[in-house]
Amino acid sequence: DTAVSQTPKYLVTQMGNDKSIKCEQNLGHDTMYWYKQDSKKFLKIMFSYNNKELIINETVPNRFSPKSPDKAHLNLHINSLELGDSAVYFCASGPGSFYGCTFGSGTRLTVV
Amino acid sequence: KQEVTQIPAALSVPEGENLVLNCSFTDSAIYNLQWFRQDPGKGLTSLLLIQSSQREQTSGRLNASLDKSSGRSTLYIAASQPGDSATYLCAVNSPSGTDKLIFGTGTRLQVFP
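Heads up: the sequence lines are chains D and Y, in that order.
For the first sequence, the working numbering assigns the number 2 to the initial residue and increments by one for each residue that follows.
For the second sequence, the working numbering assigns the number 918 to the initial residue and increments by one for each residue that follows.
Hints were generated in silico from the structure; no laboratory data involved.
All C-beta atoms in this analysis are idealised placements derived from N, C-alpha and C, irrespective of residue type, glycine included.
Hints are not guaranteed to be accurate.
As the list claims (entries may be wrong) - Straight-line alpha carbon distances no greater than 25 Å define the calculated BS3-like cross-link-like pairs of lysine-lysine that follow:
#: 1; chain 1: D; residue 1: Lys10; chain 2: D; residue 2: Lys72
#: 2; chain 1: D; residue 1: Lys23; chain 2: Y; residue 2: Lys959
#: 3; chain 1: D; residue 1: Lys72; chain 2: D; residue 2: Lys41
#: 4; chain 1: D; residue 1: Lys41; chain 2: Y; residue 2: Lys959
#: 5; chain 1: D; residue 1: Lys23; chain 2: D; residue 2: Lys37
#: 6; chain 1: D; residue 1: Lys41; chain 2: D; residue 2: Lys10
#: 7; chain 1: D; residue 1: Lys45; chain 2: Y; residue 2: Lys985
#: 8; chain 1: Y; residue 1: Lys959; chain 2: D; residue 2: Lys10
#: 9; chain 1: D; residue 1: Lys53; chain 2: D; residue 2: Lys41
#: 10; chain 1: D; residue 1: Lys41; chain 2: Y; residue 2: Lys918
#: 11; chain 1: D; residue 1: Lys53; chain 2: D; residue 2: Lys42
#: 12; chain 1: D; residue 1: Lys68; chain 2: Y; residue 2: Lys985
#: 13; chain 1: D; residue 1: Lys72; chain 2: D; residue 2: Lys42
#: 14; chain 1: D; residue 1: Lys10; chain 2: Y; residue 2: Lys985
#: 15; chain 1: D; residue 1: Lys20; chain 2: Y; residue 2: Lys985
#: 16; chain 1: D; residue 1: Lys68; chain 2: D; residue 2: Lys45
Said to hold, decoys possible - Under 8 Å between C-beta atoms, here's a sample of chain D residues computed to sit facing chain Y:
#: 17; residue: Lys42
#: 18; residue: Ser49
#: 19; residue: Ile56
#: 20; residue: Ala88
#: 21; residue: Phe91
#: 22; residue: Thr103
As the list claims (entries may be wrong) - Examples of chain Y residues lying across from chain D (beta carbon under 8 Å, computed):
#: 23; residue: Ser945
#: 24; residue: Asn949
#: 25; residue: Pro957
#: 26; residue: Leu961
#: 27; residue: Leu966
#: 28; residue: Thr975
#: 29; residue: Asp1001
#: 30; residue: Ser1002
#: 31; residue: Leu1006
#: 32; residue: Lys1017
#: 33; residue: Leu1018
#: 34; residue: Phe1020
#: 35; residue: Thr1022
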């Protein structure tokens, strides 16, 4: 029943590792997003995809690589993890600019 | 560049009070404004969405208003309850050529019995 689901919910890993976060939505939305919430709880967009096409890349380091195999999935792969990557990553989806977004429950990434 | 600010940053009130949370944005050219609730360690729950052509939206004890010309939105919570304790975030979707939400810094609300 979950509209936007992310896995895993928690991720603890060492510096230098590579990790992936998966996201799936069953709402039929064309657009999917990744947002990052930092330690001060500020939310900021990272990427958006519309029907598998990259629309927004908000000056994110190229260690972060989103991949959208189809419009219902948007995964986030992170190479060479750094301490500063520790944050909560939220996936979201929406039907378009005039409508609201639905968010997943977040993935708390801790890099040690 | 669109900037979104929320005041107050934190609020602590006794149960039963009526509350007003404020959100202001610098660029009045928006598609819509959305209010979210975030519980500690949890995701974002959408509360209300106001389109740019609308003045307000209501859901139960919540009422959100939008004054685009002055760049302001308020979230009114009637008869607050301890279960309303959470962080409330507002976000605007601006027609800047990209489709993204720009979030405010949030208001952390605590309602005590």
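For each hint, the structure was consulted:
1. D:Lys10 - D:Lys72: Measuring from Cα to Cα gives roughly 22 Å; hence the hint holds.
2. D:Lys23 - Y:Lys959: Holds: Lys23 (chain D) and Lys959 (chain Y) sit about 17 Å apart, inside 25 Å.
3. D:Lys72 - D:Lys41: The given pair, whose Cα atoms are some 31 Å apart, is violated under the 25 Å limit.
4. D:Lys41 - Y:Lys959: Measuring from Cα to Cα gives roughly 15 Å; hence the hint holds.
5. D:Lys23 - D:Lys37: Holds - the C-alpha atoms of Lys37 (chain D) and Lys23 (chain D) are around 14 Å apart, at most 25 Å.
6. D:Lys41 - D:Lys10: 19 Å, holds
7. D:Lys45 - Y:Lys985: 22 Å, holds
8. Y:Lys959 - D:Lys10: 10 Å, holds
9. D:Lys53 - D:Lys41: With a Cα-Cα distance of about 31 Å, the restraint between Lys53 (chain D) and Lys41 (chain D) is violated, given a limit of 25 Å.
10. D:Lys41 - Y:Lys918: At roughly 21 Å apart (the allowed maximum being 25 Å), Lys918 (chain Y) and Lys41 (chain D) satisfy the hint.
11. D:Lys53 - D:Lys42: 29 Å, violated
12. D:Lys68 - Y:Lys985: 36 Å, violated
13. D:Lys72 - D:Lys42: The given pair, whose Cα atoms are some 28 Å apart, is violated under the 25 Å limit.
14. D:Lys10 - Y:Lys985: 37 Å, violated
15. D:Lys20 - Y:Lys985: At roughly 42 Å apart (the allowed maximum being 25 Å), Lys985 (chain Y) and Lys20 (chain D) break the hint.
16. D:Lys68 - D:Lys45: OK: Lys68 (chain D) and Lys45 (chain D) at ~19 Å, within 25 Å.
17. Lys42: This hint holds: Lys42 (chain D) lies near chain Y, its Cβ roughly 6 Å from the closest one there, short of 8 Å.
18. Ser49: Constraint on Ser49 (chain D) satisfied, holds at 6 Å.
19. Ile56: Cβ of Ile56 (chain D) sits 7 Å from chain Y, so the hint holds.
20. Ala88: 13 Å, violated
21. Phe91: 7 Å, holds
22. Thr103: 7 Å, holds
23. Ser945: Since the shortest Cβ distance to chain D is 16 Å, the answer is violated.
24. Asn949: 6 Å, holds
25. Pro957: With a closest approach of 10 Å, the Pro957 (chain Y) hint is violated.
26. Leu961: 4 Å, holds
27. Leu966: 4 Å, holds
28. Thr975: 16 Å, violated
29. Asp1001: Violated: closest Cβ of chain D sits about 18 Å from Asp1001 (chain Y), beyond 8 Å.
30. Ser1002: 15 Å, violated
31. Leu1006: The hint holds - Leu1006 (chain Y) has a Cβ within 8 Å of chain D, the shortest such distance being about 7 Å.
32. Lys1017: Cβ of Lys1017 (chain Y) sits 4 Å from chain D, so the hint holds.
33. Leu1018: Status holds, d = 6 Å.
34. Phe1020: Because about 4 Å separates Phe1020 (chain Y) from the closest Cβ in chain D, which is inside the 8 Å limit, the hint holds.
35. Thr1022: At about 6 Å, which falls below the 8 Å cut-off, the nearest Cβ of chain D leaves the hint on Thr1022 (chain Y) intact, so it holds.
Hint compliance for this structure: hints 3, 9, 11, 12, 13, 14, 15, 20, 23, 25, 28, 29 and 30 are not met, and every other hint is.
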